[in-house]
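Start from chain A and add chains B, C, D and E with the ligands according to the hints.
If you want the building blocks of each chain, they are given just below.
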Amino acid sequence: ARDAVLVFAPASMTDVLNDLRDLYQQKSGNSIVISFAGTQHLARQLDAGAPADLFITADRDWMDWAAERDLIKQQRIVPLAGNRLVVAVRNEVENWADIDGLFTQDYFAMAEPDSVPAGRYARQALQHRGLWQKAKPRAVFGDNVRTTLRRLARGEVTSAIVYGTDAAIESRVRSLFVFPPDSHDAITYWLAATGDAVPEKVTAFIQFLNGPEAGAIFASAGFTPPPQKGD
Amino acid sequence: MSSLADPAIWGIVLLSLQVSCMAMIVALPLAIIVGKVLAGPGFFGKAFLSALVHLPLVLPPVVTGYALLVLFGRRGWIGSMLDQIGIGFTFSWTGAALAAGIMAFPLIVRPIRLAFESQDARLNEMAATLGASRAKRFFKVALPLAWPGIIAGLVLGFAKALGEFGATITFVSNIPGETQTLSLAIYTLLQSPRGDSAALTLIVLSVILSFAAILASEWMANSNRRRLER
Amino acid sequence: MSSLADPAIWGIVLLSLQVSCMAMIVALPLAIIVGKVLAGPGFFGKAFLSALVHLPLVLPPVVTGYALLVLFGRRGWIGSMLDQIGIGFTFSWTGAALAAGIMAFPLIVRPIRLAFESQDARLNEMAATLGASRAKRFFKVALPLAWPGIIAGLVLGFAKALGEFGATITFVSNIPGETQTLSLAIYTLLQSPRGDSAALTLIVLSVILSFAAILASEWMANSNRRRLER
Amino acid sequence: MLTVKLEGTIGTFSVTADIEAGVGVTAIYGPSGAGKSTILRAIAGLWEPERGYIQVGENVLLDTNAEINLSTEKRRLGVVFQEPILFPHLSVRANLAFGMKKHETGWDGVVSMLDLGDVIDRMPRHLSGGEAQRVALGRAILSDPQILLLDEPLTGLDDARRAHVLPYLERLRDETTIPIVYVSHHRDEILQLADLIFTIEQGTVTSELTPGEFDKAMRPNVVTRQDGAGK
Amino acid sequence: MLTVKLEGTIGTFSVTADIEAGVGVTAIYGPSGAGKSTILRAIAGLWEPERGYIQVGENVLLDTNAEINLSTEKRRLGVVFQEPILFPHLSVRANLAFGMKKHETGWDGVVSMLDLGDVIDRMPRHLSGGEAQRVALGRAILSDPQILLLDEPLTGLDDARRAHVLPYLERLRDETTIPIVYVSHHRDEILQLADLIFTIEQGTVTSELTPGEFDKAMRPNVVTRQDGAGK
Ligand SMILES: Nc1ncnc2c1ncn2[C@@H]1O[C@H](COP(=O)(O)OP(=O)(O)OP(=O)(O)O)[C@@H](O)[C@H]1O
Ligand SMILES: Nc1ncnc2c1ncn2[C@@H]1O[C@H](COP(=O)(O)OP(=O)(O)OP(=O)(O)O)[C@@H](O)[C@H]1O
Ligand SMILES: [Mg+2]
Ligand SMILES: [Mg+2]
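Chains as they are written, first to last, in this note's numbering: chain A, 322 to 552; chain B, 102 to 331; chain C, 102 to 331; chain D, 158 to 388; chain E, 158 to 388.
By construction, these hints were calculated from the structure, which means they are not laboratory data. Treat the hints with caution; some may be incorrect.
[Claimed, not checked] With a Cα cut of at most 20 Å, we get these calculated SDA-like pairs of lysine to any residue: (1) Lys-137(B) to Asn-323(C); (2) Lys-241(C) to Met-280(E); (3) Lys-147(C) to Phe-312(B); (4) Lys-231(D) to Phe-312(B); (5) Lys-147(B) to Asn-323(C); (6) Lys-241(C) to Ala-140(C); (7) Lys-457(A) to Asn-323(C).
Keep in mind it's a predicted model, so treat the numbers as computed, not measured.
So here's chain A without its partners, still in its complex pose:
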């Protein structure tokens, strides 16, 4: 029915995808409609027959879940971008020698570790530093990265473990420390076209998203290039 391409994307990619959409629309004239919501909603909606053409998520589990249900073809799943996991603090905070202290001395915000990818990575990172057990009681879990970020920006917590991209958009905070990539699973955003046959207009947009222009925009937003093989 709709001639526009309907994209299901995670709320955490709102800004960059809106920019990409605007750019692509004026270039190609094709219209793109993006529905931003929690990945778990979007995946289940696909299962209920949602007319989405593209499904983007930071959570491989949901991708596979969708694949199991033949909502998407396993082989069509491609990495779209990568990200970094950082410790963010409010701008006025001076350089802080004792990173570990942040997680044991006061409340810090992170996403819910059992269900939200960002939270899962954060837990891995802390476990890697052998801090998780000590830090856990100080952790404030948010349902998504943005609430986590706002809580930090308002100073409800002294620090937050978020994606590098998030730290970049929120002007009131800066990233203090980047967790070494090997201290947690690779952070990857996955993209997949839905359905059996992929219409031309969709492939076109996918190509654009994987193209250099898009890459530049991703980069300027703080995303890293996708690791070429999945995790």
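Chains B, C, D and E with the ligands only, in chain A's frame:
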């Protein structure tokens, strides 16, 4: 989209109104019936129905949303049947209305039930002695006397429908121009620090909307009271 | 955490009850006062207050949550003051109760207001001729007669408090054992593909809870009616 | 013409009645709390006795043996309760018209007899006690009933108004075949209207008197019943 | 002892009264809709006339010139409205006690005089009309008022009950200094109780009569007022 000049904003406002009004139009008659039944005699059957009506309030909206998805989704029990005859709730504004209506339902029923319960039984008896059938008694006596309760239910329900978020985004997703109501738009904008000012505009708009609605209702209630005092 | 044997589950249930009950205990007296005021004369001031009361219903929960964060957060206007005297809402169950109470408030007020409005003015006059002061008239006549409305308000409010999600998670976040109520737990579980079965357990639990609550309320309402008919 | 046989209880109070009356006005006379209104409610189908048989003219309204129990609205009644019960949301005019069949006549007659011209467009809560009672009486008459049940219909009416209504009821009695059951505490009213008087005490019909007997019976009785009621 | 001067309107109806009465029973007599209840409501402070002066014994209840307007609860009244208004959520006992000061006496006397022993623990909705009215009367008396306002208090009472209450009111009249304002349509009641009778028509007090004058005045009047009210 932060300026009121932006047509997108007005699209969103209109959509929200369309959704909320549709929800009320469908839910109200049902709510009146249920309210009347619940005001009647009986205990267990009543308590059960009552609990059922309250469920959307007790469950996290997400759950109600998923339930709707399972029932009314294209592959859902009911949804698939409706699909045959060309009625689709999924990912369309009608779906948003359905979600809003169901979430608002308990709020509409309660005050109406209360209004029926507090009616003087002697008026019903009087009407019967005057030869009025059940139907006439309901439409000429019980219903008009329940007017304040109906208004109260409508106000709560409409406000809820305007503000509904969880069930809606879960059931019909967040598709601009199709299912993105005020609440959903505000949520989306709040996802990025850039969106704050635009979000504020929308928040102010929905506050204005609700104030308008409440004022209208207070006015209706007032004029009704005045009518009785003529 | 999918089995009922898991103590974590019962912790969550208890926390939810604690939060909802606290919310009701604080909100009810306020709601009665506001309901009485709104049932009184006046138009514009009343309409304004009424609109204010309905706001949490109209705005997306996220907004109310952020508003609470701005007001009652550690750095918030009120929050920082309360922090001085050692009262902290952030990240504690009391904060969850605050959010629940505010979200439920409009639902408690409306039926109570309705009950006050539908009272026979002559009873108040009669009480006055018998020398009853305003206070005595309120506590001995108006309040007991408003009982059905108070129950109705409590039921709606309690149900809402149990189901409250959006404002709570935004304001006090989702801290297991501290602020993770049933709704939040269910939501968390549903976020991962593997959580469904565990979520179902919790959903069933909250359904049972609400049925219990509703049954209790129906019983109270009934016994009250019976009392009048002795 | 009118047969009322019943046995039943409300709460702890038990009522037994056996009334046989012809056309015209049947008065029920008895102390407060004797069961007069209850009997009227039984005839109206608003209270169901355990055992009973009620017949008006040809039609049987209640027969607990034959399990006949006509619902109130089918009984074609005109009832005036002890205290006037008007529909608060309807004007006096609408209240009067509530029970009327389309092609109703006698409106003007009733309105002027009851002197309701001035209040016809008012809402009930702005009526005086007597006005309300007159509206209730008018409404009952206009619903063209097959039987009139009047529970102290003239209390609250001044002599002048009473002097209008009584002759009207007399005419109803003499010119129509509508039986009238009339509850009253006023000896003079009863003497003027009643063809037959049933006295009732503590729920049981104690005697059936002609107006003549009633007139004689009263004077001494007052004293004795006075003592009786004293303890 | 009792002074009532007032001028005011309800809706389109205007009331003027000028009443001066001593101790004892002051009767107000007039056709339905004349304004009797309205005057009682004014004395009770439930209706405020545009201009008026109301004094009972020493204390001024209302003086629109001096802007004195005692609130109803401060007026120490005992009011019986035309139709009994009982608190539906309180038992008969609690209704009777509602207006009582702690150290109240006379409970037994009132209960037995009004013959309320059997119904004392019942809820109001299970009272007969007359029973309810007796409760209302008892409640008013027990609140030990400085003035009694009785609006047709004995309608619905049978001769026996009336034969109990009237003497009691006579005693109140003779043994206490509580003024009683008494609205009634019953010539005999008025003759038995009243020290002074004010007749009122269409909202204005038309004459002030002694019982003797009243007795004479009535008989012819009936006829004339009857015609008067007819049109
Ligand atoms: N809102 C109104 N508009 C016009 N007239 C009104 C209004 N309210 C009351 N009235 C009139 O005021 C008059 C006085 O009423 P009131 O109750 O004092 O009469 P009353 O003497 O007590 O009569 P009754 O013996 O029938 O009780 C009545 O004629 C009534 O119609
Ligand atoms: N639930 C109840 N339990 C016990 N007695 C009851 C109950 N309901 C009513 N009664 C009694 O039934 C009796 C009959 O009431 P009814 O109204 O018929 O009296 P009545 O003859 O109309 O008296 P009145 O002349 O005062 O109106 C009264 O004595 C009343 O107390
Ligand atoms: Mg009776
Ligand atoms: Mg009157």
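The hints, checked one at a time:
1. Lys-137(B) to Asn-323(C): holds (16 Å)
2. Lys-241(C) to Met-280(E): holds (16 Å)
3. Lys-147(C) to Phe-312(B): With Cα atoms ~12 Å apart, Lys-147(C) and Phe-312(B) stay inside 20 Å; holds.
4. Lys-231(D) to Phe-312(B): At roughly 49 Å apart (the allowed maximum being 20 Å), Phe-312(B) and Lys-231(D) break the hint.
5. Lys-147(B) to Asn-323(C): Measuring from Cα to Cα gives roughly 11 Å; hence the hint holds.
6. Lys-241(C) to Ala-140(C): Holds. Lys-241(C) to Ala-140(C) sits at ~18 Å (cutoff 20 Å).
7. Lys-457(A) to Asn-323(C): Violated, at about 49 Å.
This entry does not satisfy hints 4, 7, going by the numbered hints stated previously.
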